[in-house]
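Heads up: the sequence lines are chains A and B, in that order. Numbered by our numbering, the letters in the first sequence go through residues 490 to 949 in order. Numbered by our numbering, the letters in the second sequence go through residues 1082 to 1417 in order.
FYI, nobody ran anything at the bench for these hints, they're computed from the structure. Note that the coordinates shown come from a computational prediction; the quantities given were computed from them, not determined experimentally. Do not rely on the hints blindly, as some may be mistaken.
To be verified - The calculated lysine-lysine pairs, modelled on DSS-like cross-linking and capped at a C-alpha distance of 30 Å, are:
#, chain 1, residue 1, chain 2, residue 2
1, A, K849, A, K747
2, A, K720, A, K629
3, A, K747, B, K1171
4, A, K720, A, K567
5, A, K944, A, K730
6, A, K693, A, K730
7, A, K866, A, K849
8, B, K1296, A, K944
9, A, K720, A, K747
10, B, K1296, A, K730
11, A, K689, A, K752
12, B, K1162, A, K747
13, A, K752, A, K567
14, A, K944, B, K1171
15, A, K747, A, K730
Here are the chains, one letter per residue:
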Amino acid sequence: MIQTRSRLAAMLVAAALAAGLLAGCAEDKEPAGGASSGGGVAAADNPFGAAAGSTVDAAIFDGGYSTDYVDFAAAMVKDKLDVTTVVSPVTDVVQELQPRIVGGDPPDLVDWNQLPPQDLRSQLAPLDDLYAALNYDGVKIEDAIVAGAKATGTFNGQALSVPYVLTLFSLWYSASLFEENGWTPPETWDDMMAICEEAKAQDKYCFTFGKEAAGYWAWMVLEMAIKEGGKDVYLNLANLKPDAWRDPALVGAFEAVKDSIDKGYWVPGGQGTQFTVAQAQWSQQQEALFYFSGSWIEAEMADATAEGFEMTAWPAPTLTSNPALPFETVQLSAGENYIVPAAGKNTAGAKEVLRAMLSKEAATNFSKTRMAPTIVKDTVPADGWGSTALASIMARAEASGDTALPYTLGWSDQYNMDPSVIWGSFLGGEMSVEDAISQLQALSDEAAADPSIEKMAYEW
Amino acid sequence: MNCPGSSAAVVSHRARGGGRRPRRRPRPGRIAFMAVFLVLPLSVFAVFEVWPYLQAFRLALTDWGGFSADPNFVGLENFRKLFSDGLFLKALRNSCLLALVIPTVCLSIAFAIACLVTTAGPAVGRTRGVRGAGIYRVVSFFPYVVPAIIIGLIWGLAYSPQMGLVNGLLRALGLDSFENFPWLGSESTAMPAAMVVIVWGTTGFYVVLFVAAIKGVPAEIYDSARVDGAGRLRTAVAITLPMILENVRTGYIYLGLAALDSFVFMEALFPQARSPNYATLTITQDLFQTAFEKFRFGYATAMGIVLALVTLVYAVIIFSVFRLVRGREDWKEGTS
């Protein structure tokens, strides 16, 4: 994400103007958590009471997934309840919507993309009634979606966002390259090191990273540590417990990775390499065997992937042959968060659009056109409509079953600083295991001690 | 603080001669002129500059998280936190370092080039620049034409460890130890490497500024200096520099302010403020991350106010230094 100076100035002015609205807009706030606004009468096929002929003002993040899949669901709502949805694509969600939210005139439905920040959460309509409602297929929404998705958007007991898109965070490799060399993807770290050694003999590296995306590899270290040490490793980190980062399983995972850095299994110079260039070292030049990323990687590198690459997902290897959680455990994280501001004029209509989106027809349309799974279960066929990446996401999710690690990313948002820089120094070989761990622990301790940060009670 | 309207009134009052002349009703043309050239820009300035600044002061005293309409008043808590915030102090140090180094290096290079293309030419005939001065002048201006964001992105690739131009050249020169060296990714080289980019991108403008200033120096001065046996270096230091000192000061102010900002260059070279161990983090980047990534708008606004103060202090220091230097030069007309 690159900002220009003039845009910074414009955004700061916008923020200041939004702040200027602070003075005059404390009046008529809708009672948060109250009944949905919209004016209609609730019925079996209209659980939130959306009024016929009403309009839903939807501000949808216009990122990699574009916005027309919302139009698709909106058409279903139009047919069913004669509620019209006006979709406005938004590229800078924060900057564009901040003045409206502060001014008390938010859109009815927002694709906020990220999890809603602390100060926004107090202004959102709880979505527990949405999860309890039946979708257009007659299935209770809570049961129609994958386990853990609801929890991702739940803050201290209240469901405040619907994360729509399912992302697999995993290692990725070229199935064709592995077949050519007679390699089997490794299930333990020792096997991984053996393959790295063979790759080295061919003048290839095992791993690569880019300067903006060093933090991706944190997910592998965490996955290895959590599999080794069990759920407590995750819960202690997420709940900002003292010495959470000093868990022996985590230290072991750090040391394993440090060992691979010292052995020269990483493409040199990652700290100074643009992340897309680094990713192409893996997908195009095939200098490195593995990359760790979310499942957006197939689409992101579509123009820079070698012919016949067969991009395939693979769980992080286990640290020892005796882990607490099985090797098949993967990180499935639900993202692309939809929120319904409580002050919206048609919150009932907004929830109705979400209800349609969480039905099979709309979810299948999304997956088929975006090649990405949603949180709605059983919508992607086993062959992934011909995409090896999508097929392997589904296969890994299936193999992992109920053990999948929940919400990979959200908890480190509590830190006052982006931990990515620490990972960059660590992977670049400029920082020892001890230093990396104590710096990360310091971030956690700082957040735990900061009364201005709302503490989450994460469960698994 | 004077309000802009009252100071404008003072100016026009003086212009009319201190009120000794009989009052005259302003002509309609004059009113229209003032409306277009004074009132309009001043009101735009007041609404879009002064008012947001005042808002900022108020915001900096709150814990505003960006979305609620009723942030809590926290007094000077944000400022107290700032000065125990290691990351912010690092950003403050980096920004100050940039404000010291960039103008000095940039203006020295610009001054040298400007002298070369104007006065350092052949020792016979009229005073002129070296052969091909016109070409050098144009070429030195080229980088300035390219937007900073593009310069940053291109240099980001040039510094690329594996396939970058910089390491390619170094290896071609036989310096094999620079193979895969991460210029932007190593804590010790990130800042100097970034400074090179900023200097490369901004020097051209000051060459043009100085060339124009040197052209304004009467040629006889150079002729007499040459007759007195002054060499090129002596001419540059003892004649040219004092004669264009005003321009150097202006350059120092502008460049220093730009260096305190440095947002575009740094964000292009180190997206999302991710430089090795924050070696190049600037206040502007810290501010941006704090506001738009961490949603701590009150705290970020406090950073902005500290940056504004640093900027003012910088300007005062530069003016004072130049006043001291110029004290010895009061032969120059129109000064002291």
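Are any of the numbered hints broken by this structure? If so, which, sorted upward? Violated: hints 1, 4, 6, 8, 10, 12, 13.
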